[in-house]
Each structure stands twice: as C-alpha cells, then as structure tokens.
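Peer 1: On the provided structure of chain Z, position chain R as indicated by the hints.
Residue numbers (numbering that gives the first Met the number 0), protein chains in the order written: chain Z, 0 to 223; chain R, 0 to 501.
FYI, nobody ran anything at the bench for these hints, they're computed from the structure. Some hints here could point you the wrong way.
[Unchecked claim] Partial pick of chain R residues on the chain Z-facing surface, computed with a CB cut under 8 Å:
| no. | residue |
| --- | --- |
| 1 | HIS322 |
| 2 | ALA325 |
| 3 | ALA340 |
| 4 | ARG354 |
| 5 | PRO357 |
| 6 | GLU365 |
| 7 | GLY369 |
| 8 | VAL381 |
| 9 | THR382 |
| 10 | VAL408 |
[What the hints assert, rightly or not] The calculated lysine to any residue pairs, modelled on SDA-like cross-linking and capped at a C-alpha distance of 20 Å, are:
| no. | chain 1 | residue 1 | chain 2 | residue 2 |
| --- | --- | --- | --- | --- |
| 11 | Z | LYS100 | R | MET311 |
| 12 | Z | LYS100 | R | LEU285 |
| 13 | Z | LYS100 | R | VAL321 |
| 14 | Z | LYS91 | R | ARG339 |
| 15 | Z | LYS100 | R | SER312 |
| 16 | Z | LYS64 | Z | LEU98 |
| 17 | Z | LYS100 | R | ALA349 |
| 18 | Z | LYS100 | R | MET317 |
| 19 | Z | LYS100 | R | THR275 |
| 20 | Z | LYS91 | R | ASN345 |
| 21 | Z | LYS100 | R | ALA325 |
| 22 | Z | LYS91 | R | VAL337 |
| 23 | Z | LYS64 | Z | MET32 |
| 24 | Z | LYS91 | R | PRO374 |
| 25 | Z | LYS91 | R | ASP343 |
| 26 | Z | LYS91 | Z | VAL72 |
| 27 | Z | LYS91 | R | PRO341 |
| 28 | Z | LYS91 | R | GLN338 |
[Stated by the list, open to error] A partial selection of chain R residues facing chain Z, derived with a Cβ cut-off under 8 Å:
| no. | residue |
| --- | --- |
| 29 | GLN338 |
| 30 | GLY353 |
| 31 | ARG356 |
| 32 | GLU367 |
| 33 | SER368 |
| 34 | PRO371 |
| 35 | ALA372 |
| 36 | VAL422 |
| 37 | HIS479 |
Idealized CB from N, CA, C, for every residue including glycine.
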Amino acid sequence: MRERILVVEDDSRLGTQIVEHLRGAGFEATWWMEGRSLMPGALPDVRLVVLDLMLPGTYGLDMLKALRGFSEVPVLILSARNDTLDKVRALKLGADDYLTKPFWPEELIERVRARLRRPALCKEGAVLELGPLRVDLHGRAVQVEGRVVELTRVEFEVLAALARRPSEAVTRQWLAEHVLDPTREGTERTLDVHVSRLRRKLAPTQCVETVWGVGYRLTPRTRA
Amino acid sequence: MKLRTRLALTAVVAVIPVVVAMLLLQRSLWEYSQEDALEAAVLARMQVERVRCEEAPETWRPRPSEEGVLPGRVVFEGQEERRIRRPRPEVTEGPEGPRPKKAGREPTFVTLFPYDSRLSSRNALAPGLTEDVRESVRAGMVARRFEQEGREVLDLWVRMPWEDGPCAFVLARSVEPPRPSRLVLVPLKDWTLLVFTVVAAVVLALGSVVRRVRVLTEEVRASARSGYAQAVSVRGQDEIADLARAFQEARAEIQARMAHQEAREQGLRDFLANTTHDVMTPLTVLQGHLSAMQRRLSQGEHVGASEVSSAMSESHYMASLVHNLAAATRLEAGAPHVQRAPVDLNDVVARVLGRHRPIARQRSIELESGVPATPVRVMGDVTLIEQAVSNVVANGVRHGHDGGHVAVVLEGRRDGGFQLRVVDDGPGIPEAERARILERGFRGNAARTRSPEGQGLGLHIAHHVARVHGWSLTLGPSAHGGLEVCFSCEGVSGEAREERRE
Chain Z
0 MRERILVVED DSRLGTQIVE HLRGAGFEAT WWMEGRSLMP GALPDVRLVV
50 LDLMLPGTYG LDMLKALRGF SEVPVLILSA RNDTLDKVRA LKLGADDYLT
100 KPFWPEELIE RVRARLRRPA LCKEGAVLEL GPLRVDLHGR AVQVEGRVVE
150 LTRVEFEVLA ALARRPSEAV TRQWLAEHVL DPTREGTERT LDVHVSRLRR
200 KLAPTQCVET VWGVGYRLTP RTRA
Chain R
0 MKLRTRLALT AVVAVIPVVV AMLLLQRSLW EYSQEDALEA AVLARMQVER
50 VRCEEAPETW RPRPSEEGVL PGRVVFEGQE ERRIRRPRPE VTEGPEGPRP
100 KKAGREPTFV TLFPYDSRLS SRNALAPGLT EDVRESVRAG MVARRFEQEG
150 REVLDLWVRM PWEDGPCAFV LARSVEPPRP SRLVLVPLKD WTLLVFTVVA
200 AVVLALGSVV RRVRVLTEEV RASARSGYAQ AVSVRGQDEI ADLARAFQEA
250 RAEIQARMAH QEAREQGLRD FLANTTHDVM TPLTVLQGHL SAMQRRLSQG
300 EHVGASEVSS AMSESHYMAS LVHNLAAATR LEAGAPHVQR APVDLNDVVA
350 RVLGRHRPIA RQRSIELESG VPATPVRVMG DVTLIEQAVS NVVANGVRHG
400 HDGGHVAVVL EGRRDGGFQL RVVDDGPGIP EAERARILER GFRGNAARTR
450 SPEGQGLGLH IAHHVARVHG WSLTLGPSAH GGLEVCFSCE GVSGEAREER
500 RE
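Same shape as in the complex, but just chain Z (with noise of 0.2 Å):
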C-alpha cells in the first residue's frame, strides 16, 4: 500500500511540484493550501506531515504545536527563512526535520525516505538478516546465501560492526579504533587488509562496499 504523506504549502506552483514528486516517488500525497487548527481526529491518516511555516490561515509552527499534542506523527518543515531561530523553535516543538528553500526534489525525497525508514533494531544477541547475508552476532556465525563462512575474530568484528549500522558508512578509523587489537598493528592498513580477506571469504556475494574518503559500508542486497 502507497504510503500517505500531508503536504501543507501555500505555493501552488510549489505545491503541486512536490505532489508531483511525492506521487514519482510512490506515495500518496494530500495537499491543504492553507494552515489549519489542528484538533485530534482533524489529522488524516498520514504517516508523514511536510509543513510549510508561512501559511494563510494558520501558521505553521502553531499548527506543529497542535499536532505534537496529539500524534507523533514524523514531520518536516519546510522554510523559505534561514533564520536559526525558526529552526531551533521548530526543533523543540518536535519537528523531526526541516529543509529550506530553494531545495531539490530529490532532496526532499531523501529526507522523506530517511524519516520514514524504520530505524533498524539491533540488539546484541540477534541475528540480522541482510539480503543475502545472515550475521548472528551472539553465536558468531555468518552465513552467505545459506552457506556458512568460516571468519577469523577480526574478520567477524568488521563485519559485525557495519550489520550494525547497514547502509552507513563506518569510518576505517573507527573500525581500526574499535576491532583491531591497538597493542598490535591497530593501522588503517592492517584493517584494509582484513577487510579485502573477509570479501574473498563472502565471494561472489559482494556486500562490503568501500567508501571513498571514508571507510566501509555494509549494503544489505544482492550485486550482480
């Protein structure tokens, strides 16, 4: 099911842009040109709220005071002012997010993506399932595609440590910082070398990815 989204903008150029994108995008967008007195039960159904702050009617930052009373609901403001306290006010009324004008579709996009993303629960002891990649951090095992890989400590402390965090980039300082043992050769280099060991161990499935400038990511699907 297509996930729906408010979108408050008076702008109805800008308006009917970000509709536009919102439905490309997949979801269902419901547009009000004006703010409102929000009450419970006034809200629709929505799973995230994009808020523009210089509306007619009601204004903006009133509405999410509003709505805070009531729902938790994810939401992002939008403003045309670059003023820090606009931002900081929004933020403590509970706004998840703000963008301001000019953006970039895809931006907005992203942002709305990134809200709506569940954060992934890792507790300690689970066993996180990543495309083809089965990691169960308490028993120590991995599994590639239902085939079991053999990983030396380090090897499994890497890799455990970007399932963690999936889809983030972890920096090779940390990575050396907090897997490599530091009495011994705890370098960057060492680490680079035991991450080019555990990616023949996980071949043909490539799923540690290098990232340029800042270290290693660990993307949970299937490369051809």
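Peer 2: Below, chain R without anything else, positioned relative to chain Z:
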C-alpha cells in the same frame, strides 16, 4: 523660575520663622528684665518712702529723688521734667510745659499705689481690685499686662519686706509709650540687614553651583548638537559631577546604540547591494542556458544533459550565494546575532549531503559521509554551522573533476570534542594560497570573483563560523591528492560537555 531666584526665595522663607522665634525670645527676655528692674526700683524706693507712705497712704506719692530714677528711661511719676531737663537733684522742680520730643523712644512712666496686707488701698486713685485679681496676687502672681488706650500697661505687685501697715503691697503701674508693634523691639532695618545678609550668603554660596549647572547645560547641548560625539567635562565629587557622569554614561549608551544601528543598516545596505550584484551574474547565465534550451527545443533539436546540468549548477550556486550573503551579514554584524542552541552534527552532515547530492550526481561525483553511531552534539548556531559545512562540500563538488569524490567524515573525540573533515580528490589549493584565502575579508573583490579555481565567499564564511564557535579550520592536502578541510573542536571541561550533550 531661575534657580538663583528660587534659592533666594527659599532662603527668605527659611529665615522668617527664625526671625519670629528670635523676636519672641527677645520679647520675653525684655519683659522679664523689665519686671525685674521695676521690682528692684520699687523696693529701693520704698526703703526711703515707707514712713511717708504709712503716714498718708491716701495721698502718698514718691518724693522726687535721684535714686528713684531707674537705669534707662523709666521715670516715676512726677520726676520726669526734672530728670530730663537737669540731671542734678538740686534743680527745683516744677511744670515746665511740654518739652520738645527727642528722637528715640519716650520714657516709661511708673505710678506707685500703696495697698495694705488685705490688698485694699486708701488712695482713691488706686485701681480697684477684683476678687480674682486679689486671689491671684495672694497666690503669688506679681505681674499683669494689658492694653489701655493703645499703650501697654504693666501692673507689678511688689510685696514689701514688712508685713503690716497700709503699704504692705505696692502696685507699680508702668505705662509704655505708644509703639507701632509689640513684637518689633529691634529697629526694622537691623532685621532687614540680617535677612539680606543671610540671603546674600546663600546666593553667593550657590553662585558657583549655578554657574557649574549652566556650564554643564551648555556642554550637554553642545554634545547633543555634535551627535553626542563631544564629551562633557566632569569636575569635582558633588552631585553636579554625578549628573555629568550620568550624562556621560547615557551618552556612551546612545553612541553604542547608534553605532550598532549604523552597523545594522550598513550591513543591510551591503547585503542588498552585494546580493543584487552577485545574484544577477549567475541569474544572467541561467537565463542564457534556459534561452538556449528553449531555442533548441523550438527548433526540434535535442537538449543535451550537460546544458541542463549547467543550468542546475547555476541555480544551485545562486542559492548557496544568497545563503552565504545572509551568513556573512550576520557574522559581520557581530556576536549578538549568533544564536546558541544544541546542534546535532550528524543531522547537519545528512542535510548538507542531501542538498548537494543532486548536483554531485549530475556530475558523477560520489558524495559520501561517515558519522559516528552516537550523534555528536555541540552548542552553536545551526544555520551558520550548516552553511559552513555546506560551503566546503559545495566547493568540493563544484571544483571536483567529473567522476571524482567528496567525503565528509565526522568523528567524536574522546575528550568530548569532534573533528569534521571534508576530503576530495579535486585540484586542491596551493599551499601559498591557503592561509591567504582564510584571511581575506568578506567583501574583497576577489572574494566575489567566480574564477574556476577561486574559492569565493564560502571558505571565509566557514573560517569565521569556526572562529565564532571557538573551533579551528585548517586546509591541507588530502591523502587522495585533493584538499582536506578540517573543522575541529578540542574537548572542553566535563561540565561544559554535559551542557553540550543536553
């Protein structure tokens, strides 16, 4: 009313009750001494007159004698002419007719009437006494004053040293010469002189005060005329000096506010001027691109991705330019315009990447970030911080080669500080130029020049933002051949760190 007149009037008003009190005191002293002198004179007189008095109390009048004349101008009845005419007792007395009046007061005439111990007199001329008066005299009252025909009369009963006889009490009736007022005993001119002296002393003493107030008034007016540029002189340690000091403080406050206002207005003017100037150029370029695209489309030609990409790049540049001008204006206006609130740097990095990724993608530049699992929080101005990071990333994307890389790496430090590095594999900046870029002023022409290698306004803003937040910004070669820009903040004390995490 002028200050000097007011002070003189105040002095006069203050002197009047003092003068009245002095007059009353003087009057009562005079009365007391008059009664005293009269009693003494009567007693002395009666020592020699007792026999005569007791022999013929009906007709007794004191015999003229030099001893009877009291000091001053008190004269017993029947003695007047002789005393005034000739001071010697040998001179025969007799009526001489009215005498020309001398200047000054007339003498006081005293008549004596004998009374016995029951307070009745055989002298037919003696004033009759009511029972009340008798009671009062027996109870000890000795003096009574009243007015008769405009003259002040004093009745003084003197008990004689002997108990019996028709002359046991003697009533001395003293009749004062007529006077304009009972109160004024001292000549009027003496009091006028006194009041005048006091007022003159007050006015003289206040003269310098009034003069200083006038000088201060003139200086304040001159200062106001000069737009509060001219100071007033503060002399002495009194209230006027305090007033001058208060004005100096007010003047400093006004000057500070005026300067602040002026700076704001100047900032606004500069902002408008620079915004207009700086935005018009890329806007013109953008219009050029759009026009070319429209022409090609209308002629049925294909519009290349590179043209669209250039147009997008221009509009992106304009957006960041306007943001930068706003940031520069706030930074130039000074610290009060920098807001302090908790800022999540992880979110900042995410927002900055979101903003620049569409353009990076257009140019096949890989833009990535690495942030710690636990958010790094700092106290600061979220708009300025975001702008600073955004500028560095925008530079990396703008000046990078197609297919190049830009990465943002945020790391928390063990001491509570952080390090935010932006690395790229672009052309970099020669070492000689790095320091100069950071030191250059916001408004230098070079800062606004859009040369391909120029760093524009962005890095100056990043530098100033780092400075107002107490961070350091360093530029260096990156390990990948391009530039590495590093914002770093050293750890602070435990308390501050806790505050920062709030």
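Peer 1: With reference to the structure, classify each hint as holding or not holding.
Peer 2: Taking the hints in turn, this is what the structure says about them:
1. HIS322: With Cβ-Cβ at 6 Å, under 8 Å, it holds.
2. ALA325: holds, 6 Å
3. ALA340: holds, 4 Å
4. ARG354: holds, 6 Å
5. PRO357: holds, 4 Å
6. GLU365: holds, 6 Å
7. GLY369: Holds - the Cβ of GLY369 of chain R comes within 8 Å of chain Z, reaching about 4 Å at its closest.
8. VAL381: Holds. Min distance 5 Å.
9. THR382: holds, 4 Å
10. VAL408: holds, 5 Å
11. Z:LYS100 x R:MET311: holds, 15 Å
12. Z:LYS100 x R:LEU285: holds, 18 Å
13. Z:LYS100 x R:VAL321: holds, 11 Å
14. Z:LYS91 x R:ARG339: holds, 13 Å
15. Z:LYS100 x R:SER312: Status holds; Cα separation ~16 Å.
16. Z:LYS64 x Z:LEU98: Holds: LYS64 of chain Z and LEU98 of chain Z sit about 18 Å apart, inside 20 Å.
17. Z:LYS100 x R:ALA349: holds, 16 Å
18. Z:LYS100 x R:MET317: holds, 12 Å
19. Z:LYS100 x R:THR275: holds, 18 Å
20. Z:LYS91 x R:ASN345: holds, 17 Å
21. Z:LYS100 x R:ALA325: holds, 14 Å
22. Z:LYS91 x R:VAL337: holds, 18 Å
23. Z:LYS64 x Z:MET32: holds, 19 Å
24. Z:LYS91 x R:PRO374: holds, 17 Å
25. Z:LYS91 x R:ASP343: holds, 13 Å
26. Z:LYS91 x Z:VAL72: Holds, at roughly 15 Å.
27. Z:LYS91 x R:PRO341: Holds. LYS91 of chain Z to PRO341 of chain R sits at ~10 Å (cutoff 20 Å).
28. Z:LYS91 x R:GLN338: holds, 14 Å
29. GLN338: Where the cut-off is 8 Å and the nearest Cβ of chain Z is about 4 Å from GLN338 of chain R, the hint holds.
30. GLY353: holds, 5 Å
31. ARG356: holds, 7 Å
32. GLU367: Constraint on GLU367 of chain R satisfied, holds at 5 Å.
33. SER368: holds, 6 Å
34. PRO371: Constraint on PRO371 of chain R satisfied, holds at 7 Å.
35. ALA372: holds, 6 Å
36. VAL422: With a minimum Cβ separation of about 4 Å from chain Z (threshold 8 Å), the hint on VAL422 of chain R holds.
37. HIS479: Holds, because the Cβ-Cβ distance from HIS479 of chain R to chain Z comes to roughly 7 Å (cut-off 8 Å).
In this structure, every one of the numbered hints holds.
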